[in-house]
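Sequences and hints are given; from them, build the entire structure.
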Amino acid sequence: MATNEAVRLKGIKDGIMVIVSEADFSTVLRETLQKIGEVIDFFSSGSGRILFTGHNIGGVNRIMLEQELKKLVPEHVKIEYEGEDNAFFSRFMPTDDKSRFHHGTLRSGQCLKSLGNLVVVGDVNPGAELIAAGNIVVMGILRGIVHAGCNGDRDAIVAAACMAPTQIRIADIITRPPDEEVGTEWRPEIAYVHEGNIYIDGYLSKKIK
Numbered sequence: 102m103a104t105n106e107a108v109r110l111k112g113i114k115d116g117i118m119v120i121v122s123e124a125d126f127s128t129v130l131r132e133t134l135q136k137i138g139e140v141i142d143f144f145s146s147g148s149g150r151i152l153f154t155g156h157n158i159g160g161v162n163r164i165m166l167e168q169e170l171k172k173l174v175p176e177h178v179k180i181e182y183e184g185e186d187n188a189f190f191s192r193f194m195p196t197d198d199k200s201r202f203h204h205g206t207l208r209s210g211q212c213l214k215s216l217g218n219l220v221v222v223g224d225v226n227p228g229a230e231l232i233a234a235g236n237i238v239v240m241g242i243l244r245g246i247v248h249a250g251c252n253g254d255r256d257a258i259v260a261a262a263c264m265a266p267t268q269i270r271i272a273d274i275i276t277r278p279p280d281e282e283v284g285t286e287w288r289p290e291i292a293y294v295h296e297g298n299i300y301i302d303g304y305l306s307k308k309i310k
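Under my numbering, the first residue of the sequence shown carries the number 102, and numbering increases by one thereafter.
Be careful, since some hints might not be right.
Said to hold, decoys possible - Computed Cβ-Cβ distance ranges for the label pairs, DEER-style:
| hint | residue 1 | residue 2 | range |
| --- | --- | --- | --- |
| 1 | Lys-111 | Arg-208 | 39 to 49 Å |
| 2 | Gln-268 | Ser-127 | 33 to 43 Å |
| 3 | Glu-123 | Gly-253 | 42 to 52 Å |
| 4 | Asp-256 | Gln-168 | 20 to 30 Å |
| 5 | Arg-208 | Gly-112 | 20 to 30 Å |
What the hints assert, rightly or not - No farther apart than 35 Å at their CA atoms in a straight line, the calculated lysine-lysine pairs in the DSBU-like style are these:
| hint | residue 1 | residue 2 |
| --- | --- | --- |
| 6 | Lys-171 | Lys-214 |
| 7 | Lys-172 | Lys-199 |
| 8 | Lys-111 | Lys-136 |
| 9 | Lys-214 | Lys-172 |
| 10 | Lys-111 | Lys-214 |
| 11 | Lys-114 | Lys-136 |
None of these hints come from the bench; they were simulated from the model.
Predicted model, so just to flag it, every value in this text is computed and none were measured.
We put the CB at the ideal spot given by N, CA and C, even for glycine.
Take a look at the structure:
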């Protein structure tokens with residue numbers, strides 16, 4: 102790979118591999134969008150995934166990258182990362198016009214509502230509230246109050262990088278998780294309804310369908 106190249110593309114059987122070098126995220130994002138845009142016709146044949154490898158893209162940067170790519174590529178294209186289970190946050194991301202993104206920390210007294218799914222790229226502090234008809238995804242520490250599936254959808258979930266909410270409500274079911282010290286390391290977890298109760302599990306749980 103040339104030293105001035107942040108990303109390089111390689112064709113694979115069912116899509117395109119994006120080989121990422123260690124560079125500023127802004128450069129990686131710009132070059133990825135530019136180069137994928139140049140080969141966008143590749144996906145018209147039904148090829149279905151973009152596989153990232155090389156230097157890891159994580160956290161908020163990953164969400165920003167996926168948001169921009171989803172604007173560019175056909176809806177059927179999956180975005181994956183080599184060596185990872187790709188079924189966590191991306192599987193719950195909004196795909197409809199009713200859903201809402203928010204970038205930044207929510208502070209006490211603030212309330213966000215969505216007619217679809219709701220994604221917060223940032224922390225949700227105690228005293229802040231999230232309400233959504235669909236799923237709620239927090240790319241940060243969730244310490245506030247959340248109500249997913251507020252119109253009665255028990256299939257809705259709450260996903261967070263660090264799960265420490267004051268209260269979780271899904272449809273008509275309410276729970277308050279036990280008090281635990283929250284560290285700085287991300288430990289993605291999902292809250293969901295099973296047999297009339299709310300459970301919180303790591304994203305590899307087989308209970309999550």
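Quick rundown of the hints versus the structure:
no.: 1; hint: Lys-111 with Arg-208: 39 to 49 Å; in the structure: 44 Å, holds
no.: 2; hint: Gln-268 with Ser-127: 33 to 43 Å; in the structure: 38 Å, holds
no.: 3; hint: Glu-123 with Gly-253: 42 to 52 Å; in the structure: 47 Å, holds
no.: 4; hint: Asp-256 with Gln-168: 20 to 30 Å; in the structure: 24 Å, holds
no.: 5; hint: Arg-208 with Gly-112: 20 to 30 Å; in the structure: 46 Å, violated
no.: 6; hint: Lys-171 with Lys-214; in the structure: 23 Å, holds
no.: 7; hint: Lys-172 with Lys-199; in the structure: 16 Å, holds
no.: 8; hint: Lys-111 with Lys-136; in the structure: 11 Å, holds
no.: 9; hint: Lys-214 with Lys-172; in the structure: 23 Å, holds
no.: 10; hint: Lys-111 with Lys-214; in the structure: 41 Å, violated
no.: 11; hint: Lys-114 with Lys-136; in the structure: 18 Å, holds
Against the hints set out earlier in the document, violations occur for numbers 5 and 10.
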